[in-house]
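Residue numbers (full-length UniProt numbering), protein chains in the order written: chain B, 1 to 355; chain S, 1 to 355; chain Y, 1 to 355; chain U, 1 to 355.
Bear in mind the hints are in silico, worked out from the structure with no lab data behind them.
Some hints here could point you the wrong way.
Each computed PhoX-like pair below joins lysine-lysine, with the alpha-carbon atoms no more than 20 Å apart [unchecked claim]:
#1 LYS43/B to LYS43/S
#2 LYS43/Y to LYS43/S
#3 LYS43/U to LYS43/B
#4 LYS43/U to LYS43/Y
#5 LYS97/B to LYS314/B
Which chain Y residues face chain S? A few, computed with CB under 7 Å, are given here [as the list claims (entries may be wrong)]:
#6 ALA2
#7 LYS43
#8 ARG46
#9 PHE47
#10 ARG48
#11 PRO49
#12 MET51
#13 LYS286
#14 SER288
Restraint-style ranges between C-beta atoms, simulated for each label pair [claimed, not checked]:
#15 PRO200/S to GLY274/Y: 37 to 45 Å
#16 THR67/U to GLY186/Y: 44 to 52 Å
#17 THR208/B to ILE39/Y: 52 to 60 Å
#18 ALA2/U to GLY274/Y: 46 to 54 Å
#19 ARG273/U to ASP36/B: 38 to 46 Å
#20 GLU14/S to GLY346/B: 51 to 59 Å
Virtual Cβ for every residue (Gly too), placed ideally from N, Cα, C.
4 protein chains.
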Amino acid sequence: MAMVCLLDFEAYAEKYLPKMAWDFFAAGADECSTRDENILAYKRIRFRPRMLRDVSMLDTRTKILGTEISFPVGIAPTGFHQLAWPDGEKSTARAAKAMGTCYIASTYSTCSLEEIAAAAPGGFRWFQLYIHRNRAVSKQLVQQAEALGFQGLVLTADLPYTGKRRNDVRNGFQLPPHMKLKNLEGAFEGNDQSEYGLPPNSLDPSVTWDDIYWLRSLTHLPIVIKGILTKEDAELAVRHGVQGIIVSNHGGRQLDGAPATIDALVEVVEAVRGRVEVYLDGGIRKGSDVLKALALGAKCVFIGRPALWGLAYKGEEGLQDVLRILHDEFRLSMALAGCASISEIGQDLVQFSKL
Amino acid sequence: MAMVCLLDFEAYAEKYLPKMAWDFFAAGADECSTRDENILAYKRIRFRPRMLRDVSMLDTRTKILGTEISFPVGIAPTGFHQLAWPDGEKSTARAAKAMGTCYIASTYSTCSLEEIAAAAPGGFRWFQLYIHRNRAVSKQLVQQAEALGFQGLVLTADLPYTGKRRNDVRNGFQLPPHMKLKNLEGAFEGNDQSEYGLPPNSLDPSVTWDDIYWLRSLTHLPIVIKGILTKEDAELAVRHGVQGIIVSNHGGRQLDGAPATIDALVEVVEAVRGRVEVYLDGGIRKGSDVLKALALGAKCVFIGRPALWGLAYKGEEGLQDVLRILHDEFRLSMALAGCASISEIGQDLVQFSKL
Amino acid sequence: MAMVCLLDFEAYAEKYLPKMAWDFFAAGADECSTRDENILAYKRIRFRPRMLRDVSMLDTRTKILGTEISFPVGIAPTGFHQLAWPDGEKSTARAAKAMGTCYIASTYSTCSLEEIAAAAPGGFRWFQLYIHRNRAVSKQLVQQAEALGFQGLVLTADLPYTGKRRNDVRNGFQLPPHMKLKNLEGAFEGNDQSEYGLPPNSLDPSVTWDDIYWLRSLTHLPIVIKGILTKEDAELAVRHGVQGIIVSNHGGRQLDGAPATIDALVEVVEAVRGRVEVYLDGGIRKGSDVLKALALGAKCVFIGRPALWGLAYKGEEGLQDVLRILHDEFRLSMALAGCASISEIGQDLVQFSKL
Amino acid sequence: MAMVCLLDFEAYAEKYLPKMAWDFFAAGADECSTRDENILAYKRIRFRPRMLRDVSMLDTRTKILGTEISFPVGIAPTGFHQLAWPDGEKSTARAAKAMGTCYIASTYSTCSLEEIAAAAPGGFRWFQLYIHRNRAVSKQLVQQAEALGFQGLVLTADLPYTGKRRNDVRNGFQLPPHMKLKNLEGAFEGNDQSEYGLPPNSLDPSVTWDDIYWLRSLTHLPIVIKGILTKEDAELAVRHGVQGIIVSNHGGRQLDGAPATIDALVEVVEAVRGRVEVYLDGGIRKGSDVLKALALGAKCVFIGRPALWGLAYKGEEGLQDVLRILHDEFRLSMALAGCASISEIGQDLVQFSKL
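The following block holds chain B by itself, in its conformation from the complex:
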């Protein structure tokens, strides 16, 4: 089976992963309309490609929060990588480093932050945080991440409770007994791990914007907020001093009916007016999607499920394949659109289709 595009990796993962794991990774909330819209929305955006520009030298490098990456695609935070590949997040960390890009490690990793850091020393990584009712747990994770060289803190804002994913309910989704949420081992009393490996109600749904100040007090790391979909929240994020915003609907796994991220990006970018960096995740399946997101103002995008498909295919090597294909496709799309470098990608490169 030739692995030509990301959909080949998706087909592989669907075929070879255990059904419960595949369903968990593929899941969207309710009817999955937001999950599917994340992809469909790209098809409604048309390029306005420019011709006869010198595209003999193509430079895909960019910087996020001051650190250079080889191309504007990082790894979004997703949980439970051991469900996809035995080495789990260690493989992810190695692949991201090898490809010169950023990996956002999830709180819900099946490897510990130490293991991740040790697997790919010097790799460019951010740490994704959920705030738990037991704030001591969260505080410790933040400080551990900073000590281990993680260079940014990503606060997920869209999961005060877990979305309703019908297949997970039908399957009675459980982590296999030999997998642990390594970063949270011993953090909670009792053995009830019925909700995605944690006791129910461990997350704190009372978190508000003021908790950004609390986070700020814990760490010198830049804070990025993930899950913003409106101009109002984008303005609040800027005012509360974050360094970056990830436009995200959690892969369509939280509130079904939320807009596609590429659609929401427009209003967030407009509200932010360049004061902080704006990123996006959700629906990226080929290099031209990346180009569209950048044209609409994203500084970088992050991939979630495609990274898991890469892991499911061949672990570290498979994820590198996924990233390499995206890199190649993105570079080719840039060239065919007449852009030799990231700075030449502007808003006049795209238009929304009337359809």
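Guided by the hints, dock chains S, Y and U onto chain B, whose structure is given.
Relative to chain B, chains S, Y and U alone:
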């Protein structure tokens, strides 16, 4: 078979109900385009969810016409519940009471109003009225309902004649001989019950707005008008002194080509300008649909077919399951959209998709 | 098989007609997109139905060019009725008369005008005319129609040449040898009847607006022009003194890509500003379609293929069934929309869907 | 199998060509959305046909760059015609000449320019050019084409690199060993012909608008630029002195997500304001498509894949069949739209559908 969402109950009902009963409940007029639009229209509405609001305490309670309900979903008036479950409307009344919400009992019930009232004493109920040519019949029903503790009168305005439901014609739909329209027993002469259990032409198609005054003269109950789809009729309803409006197209069973209720809601709410309460039925299939309707100005929604599916599944218990799922989904949607209580649900929470 | 709606007659005709006849009747030009749009366009129009109007007495009668018909649906001119039923246009004439409506007999009838007139004496009929290169033929037909009591002349404007209907080409469509274009027998020299029963190039593609004056000089009958789709041509038609306009795209059989007639109706009605009557054919499949067309300004609609399906089902009786169903559905739609008579049907009854 | 419309030729080619050849001809970039949009976009354009115009004499002739062609459809440059028919481009040249239209011979022909010229002496031909890193190759081709009587030079601007066509990658597309890029034999060192018959990186991606001046210095032939999709590039093309613009997205084979050419045509025509001729290729499948393109301002259109299907069917004869069908359909569409000659085709003949 796990009952995870309302569609599971629909599948169950389709599988286990007699074809004639299923077809009757499922029927829409003509090509069923309005019936189907009721559902599709929700998919064109996108949320604008807000993040980092304290949603640790969620309150789904609201009031309709001054009476508190546990969440803004009631039971719409539908006929012939014994077609779905032997205990018929008695089960419906018990389930609604158990779940703390409002049940609008239909004129076309297969249990009498006394039986309904006795099945769930103290339950919050309204009575739905058709006006018959024989006005004495209607008058008696109104006064009986008031005497039995029903707290509101719902006048159905969109059925001067019955819509054309092709499958009912093909099936030669008839109530089984052991079922009766208990509230109308003896009301009409002769035995011809060829039109949905009644003699043809028993309904009065000459009813006009002035009959609201006649109804008002019969009862102290608040009057709610059901079947309004335009701003013009909404204005007339307010001027004629009703206390509430149910935006409804009769589940798409009357005039095929009428708009989806969620689409019509916008113009009705705008015309009413808060002078009376506005409700909606039609197309509610999950908690987020309820949230969309409330964001667009509905005070409460009512479910028709899903209630019948619940009855078909397990009677009173099945209907409670349906209501509980909707309640849970609605509460979760509120939380994920950043609303801790009904009063925080506003119009800026949604936008109509360009598609 | 219960005949509940017009689609049942379509299914019957498709099943029982010879393939070549079915294909001929069903044919659209090229990709049939206009043929299909004629139907789809109705689905994009929504009613704004009004409630609580006295609809106890429903009057569907209207007048076209001064003559009363029982409801605003006539029989559009279509050719070769013997392909559908042995008695051909004689059956059509009888059914139209029995149902109290207008029948536009085609030049391409397989019965002669005399036979048609004799089959249903006193019936309300118009005669549809193509102008042939041999003007004497056309002149004689016009004068014969007038003499036989036809009350209007319908000039088809959209067939300077016959559209390309792929299946007719594939089938090598030919009239069976025992059928003749009775009105044109002996009109043309030679035996080549390769193009729909006529010699190729018998039609005159040089006809222009000035030929209206020529027609006017031949007859006292009112002239209706059929095939108008633009405001510019509507204005020209009025200026050239026609009494009526049929908005038509020839059932999608001529220029594929022409607009649906219900869409074109809007611009024609606006241009005409009530100076002449405007009718429509194409895509009428149920009573609510008629109501939509009238709300948008049509005085009457005409059915083409559904009439042929009725003939194919049971000749005169089958066509009466079709008309009766349409009449019943139209009357019911009127009532459910709050209109007791034709004069109450106005433009505010409909709106174009955003979809 | 009757060959009634172009889709019949497509079906034939898909059935009888070797899979690798069919896939190569059919290929679009990435998800083929632009390839498919090229066709779908025509379905969103509606005619506004005019009636009762004298269309007895139909004249489809037009001129491009001063040379008359029998109707406004030429042969777009496509490569590797021997994959479709043994005589390759020689057959193409003969068919184009026989039908009185223009053939744009590709740099990537499997016959040499001499062979093409000799196959159909006196035929109206343009030569399509890619600029290679080895400019001497390109220079020689230009001068050879001019010497051989080619009357125009078409510079392809949208292929600095080859687009990603998934099936070609899966198939490991290679020219069969007995086919050669005859115009480039000996032009490049080494035997690596892994990229569509050429060594990788033989094309020059550093070409800019200034190279138009270089081309101009090589030849007296008029220069047409192919691959323009925006008003900005159209303006640049005019300013750099080209004589014509072909609005093209390379059949959807280069940047997936580029607009349908019929959509892009509008903005290019508007920008050009008649200063140079504008043509179009992509998605032409029937005569009415040609009419739509001309109504929107194209002077002529070119067909790519349909020409190859014609070759695959019966070589020169099959391509003539394709052209004859298009000619007949175009002429009929003109007549049915009320246009007797090309000059009568104007922008008010079409409108974009709201859908």
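Results of checking the hints against the structure:
no.	hint	in the structure
1	LYS43/B to LYS43/S	holds, 18 Å
2	LYS43/Y to LYS43/S	holds, 18 Å
3	LYS43/U to LYS43/B	holds, 18 Å
4	LYS43/U to LYS43/Y	holds, 18 Å
5	LYS97/B to LYS314/B	holds, 16 Å
6	ALA2	holds, 5 Å
7	LYS43	holds, 6 Å
8	ARG46	holds, 5 Å
9	PHE47	holds, 5 Å
10	ARG48	holds, 5 Å
11	PRO49	holds, 5 Å
12	MET51	holds, 4 Å
13	LYS286	holds, 6 Å
14	SER288	holds, 5 Å
15	PRO200/S to GLY274/Y: 37 to 45 Å	holds, 40 Å
16	THR67/U to GLY186/Y: 44 to 52 Å	holds, 49 Å
17	THR208/B to ILE39/Y: 52 to 60 Å	holds, 54 Å
18	ALA2/U to GLY274/Y: 46 to 54 Å	holds, 49 Å
19	ARG273/U to ASP36/B: 38 to 46 Å	holds, 43 Å
20	GLU14/S to GLY346/B: 51 to 59 Å	holds, 53 Å
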